[in-house]
Amino acid sequence: MSAAAAAKSAILRAVQDAVAGAPDAAPISRDYSQRDERSHTTVIEEFIDRLQDYKAHVERVEVRGLSSCIADACNRYGVQRLVAPVDVPPEWTPSEVEVLRDVAQLSLAELDGSDAVLTGCALAIAQTGTIVLDGGARQGRRALSLVPDRHICVVFEDQVLGIVPEGIARLSASPERPITFISGPSATSDIELSRVEGVHGPRMLHVILVESPLAYSEGKLE
Amino acid sequence: MKAALFITCFNDTLFPQVGIATTHLLERLGHTVEFPETQTCCGQMHYNTGYQQEAIPLVRHFVAGFRDAEVVVAPSASCVGMVRDLYPKAAILSGDAQLIAEVDALAPRVYELGEFLVKRAGVVDVGAYFPHRVTYHATCHSLRVLRVGDIPMQLLRAVKGIDLVELPHVAECCGFGGTFAVKNADLSTAMLGDKARDVLDTGAEVLCAADSSCLMHIGGGLHRLRAGVRTMHLAEVLASVEEG
Amino acid sequence: MAATPARGRSLPVLPAFPKAVKIALADTQLRRNLAKATTTIRAKRARVVEELADWEELRAAGAAIKDETLRHLDHYLLQLEEAVTRAGGRVHWARNAVEANTIIARLVRDTGAERVVKVKSLTTDEIRLNDALASVGITAVETDLAELIIQLAHEPSSHILVPAIHKNRSEIRDLFRRTIATGQDLSDEPKALAGAARAYLRKQFLSAQVAISGANVAVAETGTVGVVESEGNGRMCLTLPRTLITVMGIEKVLPTFRDLEVFLQLLPRSSTGERMNPYTSLWTGVTPGDGPEAFHLVLLDNGRTNVLADEVGRQTLRCIRCSACLNICPVYARTGGHAYGSVYPGPIGAILTPQLLGLERAKTLPYASSLCGACYEVCPVKINIPDVLLRLRGQVGASAGQWNPEAMTMRQLAAIFSSPTRYERAQRMARYGQRLFVRDGVINRLPGPLSGWSQARDLQPLPAQSFRDWWRERRQKTGGA
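If you read the sequences in order, they're chains A, B and C.
When the letters of the first sequence are read in order and numbered with my numbering, they come out as residues 1 to 222.
When the letters of the second sequence are read in order and numbered with my numbering, they come out as residues 1001 to 1244.
When the letters of the third sequence are read in order and numbered with my numbering, they come out as residues 2001 to 2481.
Where hints are given, some of them may not hold.
Chain A stretches covered by chain C per the calculated footprint, using a threshold of three residues with CB under 8 Å from any CB of chain C [as the list claims (entries may be wrong)]:
| no. | stretch |
| --- | --- |
| 1 | 24-35 |
| 2 | 125-137 |
| 3 | 173-181 |
| 4 | 204-211 |
If you want the footprint, here are the derived chain A segments under chain C, 3+ residues with CB under 8 Å [stated by the list, open to error]:
| no. | stretch |
| --- | --- |
| 5 | 7-19 |
| 6 | 194-200 |
No lab work stands behind these hints, which were simulated from the structure alone.
Quick caveat, the model's predicted, so the values are computed rather than measured.
We treat Cβ as the ideally placed atom computed from N, Cα and C, and that holds for glycine.
If we strip away everything but chain A, and leave its shape as in the complex, we get (with noise of 0.2 Å):
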């Protein structure tokens, strides 16, 4: 046996025998809250409450304010570069700035001199303020929305879960993707406690929430 399978069979024996005759365990009772039962206003409403208090910035806008509102943002930031994953739509990307769609994977030094970059996102969770993105429509890998220092993020209103248990719900139809949960900008608070917002990661998360019937959100535009 070689030596990476004597461990492996080591270490399975000591957890058969450790656990040999034990009880077994009591069924998993699942009471806590699986579904959000508010109405959608007032989950929304939450949503906006819980991104301000994590000091990211909100704006709601009808889908068809959405294309100046992304232009007036990366003007307002001062952004020349946007980077963008390629299936962002073009209506999306301000044509004052340069976009760097991510067609054959940007380099490092191309997204760290970018300044912006502009997703779209799988889903939301107010409860929480949580953005999610899984690589899936309009978000692109990961690298794309980690190493620009501003992410500015569109988040149809019908995207936007109650709870947890709702979200991770939604996640598990394809769990094998590159999952990143974003619930405001980074922070540390290891120097003597004080919150310093802003560490790794875009220090700026910028999030424009779109009124939107659910044809747009799940990518059928128009």
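Start from chain A and add chains B and C according to the hints.
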């Protein structure tokens, strides 16, 4: 009701006035107090220090002495905690099926004084009079093992003339912990210091609690500091009546 | 039960807790910082827990899921291996620290890299990975700010969550000026210090070929591994380098993807007192075009199967390393991590360390507690820490030699207390014997081991009449029962 009094070795030997007060209080409320004289010690010190086999004879002795009682009342949350929470485990350790059964039958009938008054005797105002500034420390056993909740404060609030002040950090351990006070004396002292500071911050004249052990520890520290604060057991405050 | 090598005889014993405590108690800066840290986090935790109406139900589910996992741990580990392998990752099994470090060093050397970036991981501290890598010429750069600080300062961590809590801002500035920010005019504002760390670490992230991380969870059903963090260094390490090596204790596995819904609520609220920590990364094996091209998962036993074998101690393995117990513990708040002599401090450390290392090596840790029970109340997976402490104390007591003074005293007292006659005689003897110690109506000095008591407290003398004396006298007077 006929209440069998478990005085606890602590109170019996060091704080008899707690037992005397408990007796007077229960009799004043119309209950009959019995004192099974074979009682000694619940065995908590042994069990908690790790001498659990040695505690088993003490468990047996307690059960033998109280098995026929209608209800057992003790002015000590930690000893009652020992009986209700740890006696079942000690019985299992003994492997004696009969002891396990006897403990299961007896434990639910064993009450800390405050619990007994409010939950069994159904009384909150015990007719006490104690015109002093008092602060109450919630001992760990009463709070987390017996989960008496607000009971002691309810009883104290009903005392005529009392000036009851809330103790800051009331739920924090005083640092007694049985043999912990001796095995980890420095830590125990550090915790005592903070508890004493909280007591002094209330301006209270009297520190009250449901456990003589904690009172002995905090009171001993306050006395060393010449702080001018005395300790009284919950039973003593509740037993106090107006002169004449 | 041979998954770990023989313990006890040749391995070092941890310093006795009461001795280590003396040093900690005297460190005034540590005590200030710890008091502030634990009080702050404790309050935050209480607030966010109160917000959830179903917190107790979540705790119950968390405990139940963990117990199910532990009961069938072999099954779930195999399922995990299968799922990770299917998704393009490789799984390695390590019985102990030496095996784990050997595997990891080999994996790193195979890439040709001489430097790795690390995400904070208690498990890697437990196996002393950094030292092992250094001994074969591989530098491990810590990327968590606090870990970076203590790495640069060559000091051990003093708290699971805020390891550099023992250092104040000026000390950190001076340290940075000496190391990563030489020649820079650096203020001691936390923002500036974090900025200096960011600049230094960014260079590391963008050039690193290999990253090493721990894992908070690993889902058996899907092979999904998860890391929960605040700073973003985790995302950097898990995404940018070509090779990712994750080391994980075998108890961290969870049965299903759905179970994440419980732990992603329990962990952030219990640890940093937030509704959700800033970043959580979940990945499954290798995703072409997104993140590392090679993923290795190292499963570590290192004494966990010993913990698993004890009926009462087993629940210790439910631990999700949130540190809620540390923040509520009156002992930890006054002593910090170093006094526990181990990577795992506080209440969980008091029960985990002796079980991992063997009780003989950590005999005083189960006594590092007043049994107040506050830890049990806040543990998100309901580990009955007081129960396990008592279990371990019982093992210590049972192993005490026949001539051990404490054991002898305890046996004598048990004999006395089990007979009313002997008990009453002892009371009378104590009342008599105390005269030696009573001065002006007070006992302020006690002999031998009891001197710890009188070091800080006065003791009132035993009254002349015990309660039972009073009771008998009253009975005689009234002629009643």
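Original post:
Taking a Cβ-Cβ distance under 8 Å as contact, does the stretch 173-181 of chain A have three or more residues in contact with chain C?
Top reply: Since three or more residues must qualify, the claim that chain C covers the stretch 173-181 of chain A holds, with 7 doing so at under 8 Å.
Original post:
Counting residues of the stretch 7-19 of chain A with a beta carbon closer than 8 Å to any beta carbon of chain C, are there 3 or more?
Top reply: holds (count 12)
Original post:
Do three or more residues from the stretch 24-35 of chain A put their C-beta atoms closer than 8 Å to C-beta atoms of chain C?
Top reply: Coverage by chain C holds here, the residue count being 10 at a Cβ distance below 8 Å.
Subject >> Within 8 Å of chain C (C-beta), three or more residues of the stretch 204-211 of chain A >> reply: violated (count 0)
Subject >> Cβ contact check, 8 Å cutoff: the stretch 125-137 of chain A against chain C, three residues minimum >> reply: holds (count 6)
Original post:
Residue count check for the stretch 194-200 of chain A against chain C: does it reach three with CB-CB under 8 Å?
Top reply: That given contact holds, which follows from 5 residues of the stretch 194-200 of chain A lying within Cβ reach (below 8 Å) of chain C.
In summary, the one numbered hint that this structure violates is 4.
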